[in-house]
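There are 4 protein chains.
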Amino acid sequence: MTTVAFLGLGAIGRPMASRVAAAGFELTVWNRTPGRAREFAAQAGARAADTPAAAVRGADVVITCLSTSHNVAALLDGPDGILAGLRRGALFVDCTSGDPSTSARIAERLAEFGVAFIDAPVSGGTSGAEKGILTVMVGGEAAALERARPVLESFGRKIVHCGAVGAGDAVKAMNNAMLAIHVWSTGECLAALSRAGVDPKVALDVINASSGRSNTSENLFPERVLSRRFPRTFRLALLDKDIGIAAQVAREQKIASPVLQLTAELFRMAHAELGEDADHVEAVRVIERLGDTEIK
Amino acid sequence: MTTVAFLGLGAIGRPMASRVAAAGFELTVWNRTPGRAREFAAQAGARAADTPAAAVRGADVVITCLSTSHNVAALLDGPDGILAGLRRGALFVDCTSGDPSTSARIAERLAEFGVAFIDAPVSGGTSGAEKGILTVMVGGEAAALERARPVLESFGRKIVHCGAVGAGDAVKAMNNAMLAIHVWSTGECLAALSRAGVDPKVALDVINASSGRSNTSENLFPERVLSRRFPRTFRLALLDKDIGIAAQVAREQKIASPVLQLTAELFRMAHAELGEDADHVEAVRVIERLGDTEIK
Amino acid sequence: MTTVAFLGLGAIGRPMASRVAAAGFELTVWNRTPGRAREFAAQAGARAADTPAAAVRGADVVITCLSTSHNVAALLDGPDGILAGLRRGALFVDCTSGDPSTSARIAERLAEFGVAFIDAPVSGGTSGAEKGILTVMVGGEAAALERARPVLESFGRKIVHCGAVGAGDAVKAMNNAMLAIHVWSTGECLAALSRAGVDPKVALDVINASSGRSNTSENLFPERVLSRRFPRTFRLALLDKDIGIAAQVAREQKIASPVLQLTAELFRMAHAELGEDADHVEAVRVIERLGDTEIK
Amino acid sequence: MTTVAFLGLGAIGRPMASRVAAAGFELTVWNRTPGRAREFAAQAGARAADTPAAAVRGADVVITCLSTSHNVAALLDGPDGILAGLRRGALFVDCTSGDPSTSARIAERLAEFGVAFIDAPVSGGTSGAEKGILTVMVGGEAAALERARPVLESFGRKIVHCGAVGAGDAVKAMNNAMLAIHVWSTGECLAALSRAGVDPKVALDVINASSGRSNTSENLFPERVLSRRFPRTFRLALLDKDIGIAAQVAREQKIASPVLQLTAELFRMAHAELGEDADHVEAVRVIERLGDTEIK
Numbered sequence: 002m003t004t005v006a007f008l009g010l011g012a013i014g015r016p017m018a019s020r021v022a023a024a025g026f027e028l029t030v031w032n033r034t035p036g037r038a039r040e041f042a043a044q045a046g047a048r049a050a051d052t053p054a055a056a057v058r059g060a061d062v063v064i065t066c067l068s069t070s071h072n073v074a075a076l077l078d079g080p081d082g083i084l085a086g087l088r089r090g091a092l093f094v095d096c097t098s099g100d101p102s103t104s105a106r107i108a109e110r111l112a113e114f115g116v117a118f119i120d121a122p123v124s125g126g127t128s129g130a131e132k133g134i135l136t137v138m139v140g141g142e143a144a145a146l147e148r149a150r151p152v153l154e155s156f157g158r159k160i161v162h163c164g165a166v167g168a169g170d171a172v173k174a175m176n177n178a179m180l181a182i183h184v185w186s187t188g189e190c191l192a193a194l195s196r197a198g199v200d201p202k203v204a205l206d207v208i209n210a211s212s213g214r215s216n217t218s219e220n221l222f223p224e225r226v227l228s229r230r231f232p233r234t235f236r237l238a239l240l241d242k243d244i245g246i247a248a249q250v251a252r253e254q255k256i257a258s259p260v261l262q263l264t265a266e267l268f269r270m271a272h273a274e275l276g277e278d279a280d281h282v283e284a285v286r287v288i289e290r291l292g293d294t295e296i297k
Numbered sequence: 002m003t004t005v006a007f008l009g010l011g012a013i014g015r016p017m018a019s020r021v022a023a024a025g026f027e028l029t030v031w032n033r034t035p036g037r038a039r040e041f042a043a044q045a046g047a048r049a050a051d052t053p054a055a056a057v058r059g060a061d062v063v064i065t066c067l068s069t070s071h072n073v074a075a076l077l078d079g080p081d082g083i084l085a086g087l088r089r090g091a092l093f094v095d096c097t098s099g100d101p102s103t104s105a106r107i108a109e110r111l112a113e114f115g116v117a118f119i120d121a122p123v124s125g126g127t128s129g130a131e132k133g134i135l136t137v138m139v140g141g142e143a144a145a146l147e148r149a150r151p152v153l154e155s156f157g158r159k160i161v162h163c164g165a166v167g168a169g170d171a172v173k174a175m176n177n178a179m180l181a182i183h184v185w186s187t188g189e190c191l192a193a194l195s196r197a198g199v200d201p202k203v204a205l206d207v208i209n210a211s212s213g214r215s216n217t218s219e220n221l222f223p224e225r226v227l228s229r230r231f232p233r234t235f236r237l238a239l240l241d242k243d244i245g246i247a248a249q250v251a252r253e254q255k256i257a258s259p260v261l262q263l264t265a266e267l268f269r270m271a272h273a274e275l276g277e278d279a280d281h282v283e284a285v286r287v288i289e290r291l292g293d294t295e296i297k
Numbered sequence: 002m003t004t005v006a007f008l009g010l011g012a013i014g015r016p017m018a019s020r021v022a023a024a025g026f027e028l029t030v031w032n033r034t035p036g037r038a039r040e041f042a043a044q045a046g047a048r049a050a051d052t053p054a055a056a057v058r059g060a061d062v063v064i065t066c067l068s069t070s071h072n073v074a075a076l077l078d079g080p081d082g083i084l085a086g087l088r089r090g091a092l093f094v095d096c097t098s099g100d101p102s103t104s105a106r107i108a109e110r111l112a113e114f115g116v117a118f119i120d121a122p123v124s125g126g127t128s129g130a131e132k133g134i135l136t137v138m139v140g141g142e143a144a145a146l147e148r149a150r151p152v153l154e155s156f157g158r159k160i161v162h163c164g165a166v167g168a169g170d171a172v173k174a175m176n177n178a179m180l181a182i183h184v185w186s187t188g189e190c191l192a193a194l195s196r197a198g199v200d201p202k203v204a205l206d207v208i209n210a211s212s213g214r215s216n217t218s219e220n221l222f223p224e225r226v227l228s229r230r231f232p233r234t235f236r237l238a239l240l241d242k243d244i245g246i247a248a249q250v251a252r253e254q255k256i257a258s259p260v261l262q263l264t265a266e267l268f269r270m271a272h273a274e275l276g277e278d279a280d281h282v283e284a285v286r287v288i289e290r291l292g293d294t295e296i297k
Numbered sequence: 002m003t004t005v006a007f008l009g010l011g012a013i014g015r016p017m018a019s020r021v022a023a024a025g026f027e028l029t030v031w032n033r034t035p036g037r038a039r040e041f042a043a044q045a046g047a048r049a050a051d052t053p054a055a056a057v058r059g060a061d062v063v064i065t066c067l068s069t070s071h072n073v074a075a076l077l078d079g080p081d082g083i084l085a086g087l088r089r090g091a092l093f094v095d096c097t098s099g100d101p102s103t104s105a106r107i108a109e110r111l112a113e114f115g116v117a118f119i120d121a122p123v124s125g126g127t128s129g130a131e132k133g134i135l136t137v138m139v140g141g142e143a144a145a146l147e148r149a150r151p152v153l154e155s156f157g158r159k160i161v162h163c164g165a166v167g168a169g170d171a172v173k174a175m176n177n178a179m180l181a182i183h184v185w186s187t188g189e190c191l192a193a194l195s196r197a198g199v200d201p202k203v204a205l206d207v208i209n210a211s212s213g214r215s216n217t218s219e220n221l222f223p224e225r226v227l228s229r230r231f232p233r234t235f236r237l238a239l240l241d242k243d244i245g246i247a248a249q250v251a252r253e254q255k256i257a258s259p260v261l262q263l264t265a266e267l268f269r270m271a272h273a274e275l276g277e278d279a280d281h282v283e284a285v286r287v288i289e290r291l292g293d294t295e296i297k
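Chains as they are written, first to last, in my numbering: chain A, 2 to 297; chain B, 2 to 297; chain C, 2 to 297; chain D, 2 to 297.
Only chain A is shown next, with the shape it has when bound in the complex:
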């Protein structure tokens, strides 16, 4: 029977790990805050480990779900690190929204230990994780993906092989960059209309029946901006990181990408201004503040 180690029980990682346990895999978890791991283990019928090395010892599949690829890389080394516990032939599945070049370096490192790596970032949010209907974007060898598939299916409904190592990261980053561009530009356009005396509800009603519509205009603005609710579901700090990765990928690929690069700067500015806890849609508040208006 496949044994799984799951490292990183954050907002998304925790419900993903729950799905893995519920699917019947033998599960060991680790989290930087040990209490969180023990509490989870008690609830989910899993084992909690004190160190990454202990968590992965004997595991067939190791799943990581951290904030950045650098966080993953930082868990590899040292006496308590993943490499100290990992067995040859294991499979490493990184569900972090990572960056392709760090993923490539991690993959290279693991290959020296006879361990295959796939990057497998997810989209769908906390509720998608709870329901097991995440989209999983996979980079790496097709064979490695096939080995991982039974575990991925415990939390993912749409599992897409995007290409070589890093391709999953790249697709995830670009999707999120497009989200960021939509949030910011919809904010600019609606703030201007609002100041020009147009009710944003009316404007969105028209736009959502026309060519300018997006998921952002159809869902995020009505539910979060016009309502002034701004629920905190996905941190601006993380979207800043993601569009930064996308901007880096475009630079490496030598694609002239002025809109992407500029929006990356604007999210950096919004992040610096609104801090670590703000939701990604709150970036709109910067436009509102500077324009002395509210989109409502």
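There may be inaccurate statements among the hints.
[Said to hold, decoys possible] Pairs of lysine-lysine, PhoX-like flavour, derived with a Cα cap of 25 Å: (1) D/255 - C/255; (2) A/255 - B/202; (3) D/255 - C/159; (4) B/255 - A/255; (5) C/159 - D/297; (6) D/297 - A/255; (7) A/159 - B/255; (8) D/159 - C/202; (9) C/255 - D/202; (10) A/297 - B/159; (11) A/297 - B/255; (12) D/255 - C/297; (13) D/202 - C/202; (14) B/255 - A/202; (15) B/202 - B/132; (16) A/159 - A/132; (17) B/159 - A/159; (18) C/202 - B/255; (19) B/159 - A/202; (20) C/297 - D/159.
[Stated by the list, open to error] Ranges of calculated distance between the beta carbons of each label pair, as one might list FRET restraints: (21) D/232 - C/33: 52 to 62 Å; (22) A/230 - B/219: 48 to 58 Å; (23) D/253 - A/230: 48 to 58 Å; (24) A/159 - D/89: 52 to 62 Å; (25) A/90 - B/220: 42 to 52 Å; (26) B/128 - D/219: 56 to 66 Å; (27) B/126 - A/23: 44 to 54 Å; (28) B/126 - C/113: 45 to 55 Å.
No lab work stands behind these hints, which were simulated from the structure alone. The beta carbon of each residue, even a glycine, is placed where N, CA and C say it ideally should be.
Keeping the supplied structure of chain A fixed, place chains B, C and D upon it in accordance with the hints.
Just chains B, C and D, lined up with the frame of chain A:
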């Protein structure tokens, strides 16, 4: 019975005028190329006039559908101009995708002649016009809109009062600006992914199931870019004009709008590069050429 | 003997008017705050008028020096307005840092009254005005410039005919746009170097001996930023206005100008953030705040 | 007596190496095209080596002057690589306009071999190299700089210690980024003025007496653009690389830098459009072409 004058039988104007005639209004048409007006009149059971003045003489409702507000303003004066024929108490409906400040000037001018003005740009394309299912964005007095409504309903299904004179123009321009931003930014992101070895079909499949999706990613890119068909349905030159209007509105409203302003420049560049006949989605070709790649 | 009316005794206008009086011209002044005009008149041996109409009555040359072209246009009409006092054959010299299209409208208006117009914005600051060594950028007929020259020479050393009406405004706006671009971009580059551990003094020492140098790097940064003095000599609000005019000119001329357009947005943002009293060089504080660093 | 190895006899490297030989150092040179090395050696009284390893064998100081840091890194390994010949205790001076992170990796690598590294990019062009009056921007230990100083003084007049390893690269990149921003933005502003009917010579005359002046407006535009000469002294391809490094440094330092990032994209676009041989000032041709004007 309401008599209607329709000036401007272009790609959108012609099917709109057809709907007006088919709805039983007594119709006189005028077009810069007189043959086009005569041919239309013969087919549609309308009357063709040789001059704007002659076209609007005695009309209850005058509809204009030209390329720019400046084109409309230029038809007002002179012995053959609209003002020479217009009767007091008539209603002027400008379906041009115009700019709010020129519309305001036109409205002011017409008010001196006892004529009410609404700006009423449409969206939905040629096929929407043919089917009478356009969206009509109206700026002006509510009472004027009510007077116009029976005629507007001959070609429009969703008729939305956006605000004072110019508000229809502003909403139309912003919708199209959002379209332009989506086209350009989706082009940047997919070109980068494509160069990174990701199949754009796969990338779109994921994005269209995720938060980065838009009408552009769901419809325009699969049908027009990946297929390499680039049908010519809406000219880049016009979208350049529209995002220019949107950029101007944002400036006048003192909304910091770097993404909008930058994309307006990029469409100016694409327009200069690809010429007057290119379709709006072909802007992507500029990104492709500079990145030495094709999104397919 | 030439009689001169001078309207607008602001930071630059006051010393300019002083030079006009000192050169022996018969001078009448007007200012929105009447006390300021009376005080000036007492000191300078000039006459103070209570209204624009009274100020310009009988004047051969009318000089305006206000914040914007709109301010100038707003003084023309009404019973106390300039047009109520102006005599046919007078010459109107607008030293405001204005915008070409409003200047063209003002010139057209004045022509109906038989009055010639030149736009004649100045550079050189308060101290340049006091010393009579301003640079004057003139738009309008060469003959009108020649008539104005004796008065212009009382405060200007370099008097340049730039072209037709509006050309002086355009050159002034572009010079200031270049200043704004230099201030902002030097701020970005030095903030990054500073965070990277390079002493900004050392960096400027190298840059000022190399190809990246500008008036901004040679003078403004050493004297105002590194010193943390930020003296208030030219308001950010006015530079925001000026680069906005430049951006508008470039748009009207259909020049793709992404750097100019973007920087105009950044100055709008900085103006909204730092308020009406901040000096133009303080725009750098926005970069510093967002990057959590100081260039010193 | 100090023996020196010089690798890379390009446009700048060759006259630098000449100065080293002329200063009496015992010199061995290597170049990718061996004929160029042999020809140089014959003229300069130096020795030509067939491989990097042979060139550096026994040298006290190794100088590299290549296109990119990656070119330098690529010469390290292999049986003919630098590391195969380098002696412990040697000093490595990289005069490439490099990037700080690759320089840091190279420095780390060399440290394992007991070799100190400084990055020492230069400015001043071919003629500055010939006259021995280059500016040298140094990153690394002060002690290493002191050891290198006698050799650096053979071609440099201003030798500036900028900070730790990579600081020289960073300062050089930022200086060149500022140059790139000045070239592009001056092009935008003068193209707009030119289209507005202002003679660019007149505009520059005013700007160069005002606050908007820079080395670019004072020297490059009069000599190269208005004259339509566009001499090829510094390739656009290299300036594209340099501003790319600067953009990367700003990102790593988390400085919001929209103008820098955007201009980096514009130079990428210009490079893609104008090819490998164009001079850096020719970037202006892109603005001219898109605006259908010439600045002359």
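When the hints from earlier in the document are held up against this structure, which numbers fail?
1, 3, 4, 6, 7, 13, 15, 17, 18, 22, 23
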